[in-house]
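Engineer: Residues 0 to 296 (numbering that gives the first Met the number 0) are what the sequence shown spells out, left to right.
Treat the hints as calculated values from the structure; they're not laboratory data.
Note that the Cβ used here is the ideal one computed from N, Cα and C, for glycine as well.
Be a bit skeptical, because a hint or two may be false.
Lysine to any residue pairs mimicking SDA-like chemistry, simulated, CA-CA at most 20 angstroms apart [stated by the list, open to error]:
{"#": "1", "residue 1": "Lys173", "residue 2": "Val71"}
{"#": "2", "residue 1": "Lys173", "residue 2": "Gln241"}
{"#": "3", "residue 1": "Lys173", "residue 2": "Glu59"}
{"#": "4", "residue 1": "Lys64", "residue 2": "Ser177"}
{"#": "5", "residue 1": "Lys60", "residue 2": "Leu70"}
{"#": "6", "residue 1": "Lys58", "residue 2": "Phe182"}
{"#": "7", "residue 1": "Lys2", "residue 2": "Lys178"}
{"#": "8", "residue 1": "Lys243", "residue 2": "Met69"}
{"#": "9", "residue 1": "Lys58", "residue 2": "Lys243"}
{"#": "10", "residue 1": "Lys243", "residue 2": "Ser112"}
If you anchor each label on the Cβ, the simulated ranges turn out as follows [claimed, not checked]:
{"#": "11", "residue 1": "Leu270", "residue 2": "Leu70", "range": "38 to 44 angstroms"}
{"#": "12", "residue 1": "Arg121", "residue 2": "Lys58", "range": "45 to 51 angstroms"}
{"#": "13", "residue 1": "Gly56", "residue 2": "Arg121", "range": "43 to 49 angstroms"}
{"#": "14", "residue 1": "Pro198", "residue 2": "Ile225", "range": "24 to 30 angstroms"}
{"#": "15", "residue 1": "His30", "residue 2": "Lys58", "range": "39 to 45 angstroms"}
{"#": "16", "residue 1": "Asp65", "residue 2": "Phe125", "range": "35 to 41 angstroms"}
{"#": "17", "residue 1": "Val124", "residue 2": "Leu153", "range": "24 to 30 angstroms"}
{"#": "18", "residue 1": "Ile273", "residue 2": "Trp50", "range": "43 to 49 angstroms"}
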Amino acid sequence: MSKRSLAIIAAIGATTIYGLNHTIAKGVMPHYVGAFGFVFLRVLGATALFWFVSIWGPKEKIEKKDYLRMLVCALFGMGVNMLVFFKGLSLSTPINSAVLITTTPIIVLILSSILIKEKIVRRKVFGIFIGLLGALGLILFSTEIRHDAPNIPLGNFLILMNSFFYGTYLILAKILISKYHPFTFMKWLFSLGILICLPFGYQEFVEIEWSLLPFDIIWRIVFVIIGTTFLTYLFNVFALTQLKASTLSAFVYLQPLIGILYALGTGKDTLTTIKIVAAALVFIGVYLSSRKTKSDL
Numbered sequence: 000m001s002k003r004s005l006a007i008i009a010a011i012g013a014t015t016i017y018g019l020n021h022t023i024a025k026g027v028m029p030h031y032v033g034a035f036g037f038v039f040l041r042v043l044g045a046t047a048l049f050w051f052v053s054i055w056g057p058k059e060k061i062e063k064k065d066y067l068r069m070l071v072c073a074l075f076g077m078g079v080n081m082l083v084f085f086k087g088l089s090l091s092t093p094i095n096s097a098v099l100i101t102t103t104p105i106i107v108l109i110l111s112s113i114l115i116k117e118k119i120v121r122r123k124v125f126g127i128f129i130g131l132l133g134a135l136g137l138i139l140f141s142t143e144i145r146h147d148a149p150n151i152p153l154g155n156f157l158i159l160m161n162s163f164f165y166g167t168y169l170i171l172a173k174i175l176i177s178k179y180h181p182f183t184f185m186k187w188l189f190s191l192g193i194l195i196c197l198p199f200g201y202q203e204f205v206e207i208e209w210s211l212l213p214f215d216i217i218w219r220i221v222f223v224i225i226g227t228t229f230l231t232y233l234f235n236v237f238a239l240t241q242l243k244a245s246t247l248s249a250f251v252y253l254q255p256l257i258g259i260l261y262a263l264g265t266g267k268d269t270l271t272t273i274k275i276v277a278a279a280l281v282f283i284g285v286y287l288s289s290r291k292t293k294s295d296l
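All chains, full assembly: derive it from the sequences and hints.
Structural biologist: Spelled out as structure tokens, the structure:
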């Protein structure tokens, strides 16, 4: 099997885990673990795992000229994006989260035009507009009231911000991935992530009452640390060695299907007219903005 095929399998695996995560992680917050405390726990656990597996990787030193880029990648990929996503998920619903996360390819397209001067044709501009209309619809017109989703509009906005931060990370990380082994890259990024998340999550982290956590919550926490953090970031960083950032971001299209089916199947969320219409606009926008034609080549 070629490395590109393995990269595609890795990308699908990461997207599947992310799709399940919308509902699994939601069950932990905010009753058992605060959103920021959960992020700190997530980063702390993944850092330990990456340092452990790096024993079998090459011993590489980070060049001084890459220090700043490494810090920026950690800030966007292991810091603020996780903080705003988990806080947003704690305030919103699994289906909203799964839908809004599909704006990532649109964000990557916009950022690519700014950072690497990629040309955006008229069709893609229209797609971006339609997709953002759908995202704004979820943010502005979500009147649903749930005890486990205390501020859905704010939560939706924070999830949208996660797409922006993660899209930035994918573009910036592509350069470093071509220079360093994935184990080297991830262990240092997550180590920096601990320092970034510490001021936000330490208090909620120490307030976790471990002895009172039921098994259902413990397995969810383990899933987020090992699956949603360690495996997904490892899968994605490997996929980036063979795929473009824009190609990798396109796999996010699978998340709503997986996330919505899992949320509905487990009874953790319901479909509403606003969610259906907004999701349709987002999907149409993502399709138009990412579809390639001969004029794009």
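Engineer: It remains to establish, for every hint, whether it holds in the given structure.
Structural biologist: Here is how each hint holds up against the structure:
Taking the CA atoms of Lys173 and Val71, the gap is near 13 angstroms; set against the 20 angstroms cutoff, the hint holds. Among the hinted pairs, Lys173 with Gln241 is consistent with the structure: their alpha-carbon atoms are about 10 angstroms apart, no more than 20 angstroms. For a cut-off of 20 angstroms, the pair hint linking Lys173 to Glu59 stands: about 18 angstroms separates their Cα positions. For the hint linking Lys64 to Ser177, the alpha-carbon distance of about 15 angstroms falls within 20 angstroms, and the restraint holds.
A threshold of 20 angstroms between alpha carbons decides the hint, and for Lys60 with Leu70 the separation of about 15 angstroms falls inside it, so the pair holds. At roughly 10 angstroms between alpha-carbon atoms, Lys58 and Phe182 fall within 20 angstroms of each other, so this suggested pair holds. Note on Lys2 and Lys178: the hinted pairing holds, with a Cα-Cα distance of about 17 angstroms set against a maximum of 20 angstroms. Distance hint between Lys243 and Met69 is fulfilled; the C-alpha atoms sit about 19 angstroms from each other, no more than 20 angstroms.
Restraint check for Lys58 and Lys243: the C-alpha separation of about 26 angstroms exceeds 20 angstroms, so the hint is violated. Between the alpha carbons of Lys243 and Ser112 the distance comes to roughly 14 angstroms, so the proposed pair stays at or under 20 angstroms and holds. Distance hint for Leu270 and Leu70: a CB-CB separation of about 41 angstroms, consistent with the stated range 38 to 44 angstroms. Checked against the given bound of 45 to 51 angstroms, the beta carbons of Arg121 and Lys58, roughly 50 angstroms apart, stay inside it.
In this structure the supplied range 43 to 49 angstroms holds for Gly56 paired with Arg121, their Cβ-Cβ distance being about 46 angstroms. Distance hint for Pro198 and Ile225: a CB-CB separation of about 25 angstroms, consistent with the stated range 24 to 30 angstroms. For His30 and Lys58, the hinted distance range of 39 to 45 angstroms is satisfied, since their beta carbons lie about 43 angstroms from each other. The supplied range of 35 to 41 angstroms is met by Asp65 and Phe125, whose beta-carbon atoms lie about 38 angstroms from each other.
Evaluation of the 24 to 30 angstroms hint for Val124 and Leu153 yields a pass: the beta carbon distance comes to about 28 angstroms. The hinted range of 43 to 49 angstroms is satisfied by Ile273 and Trp50, whose Cβ atoms lie roughly 44 angstroms apart.
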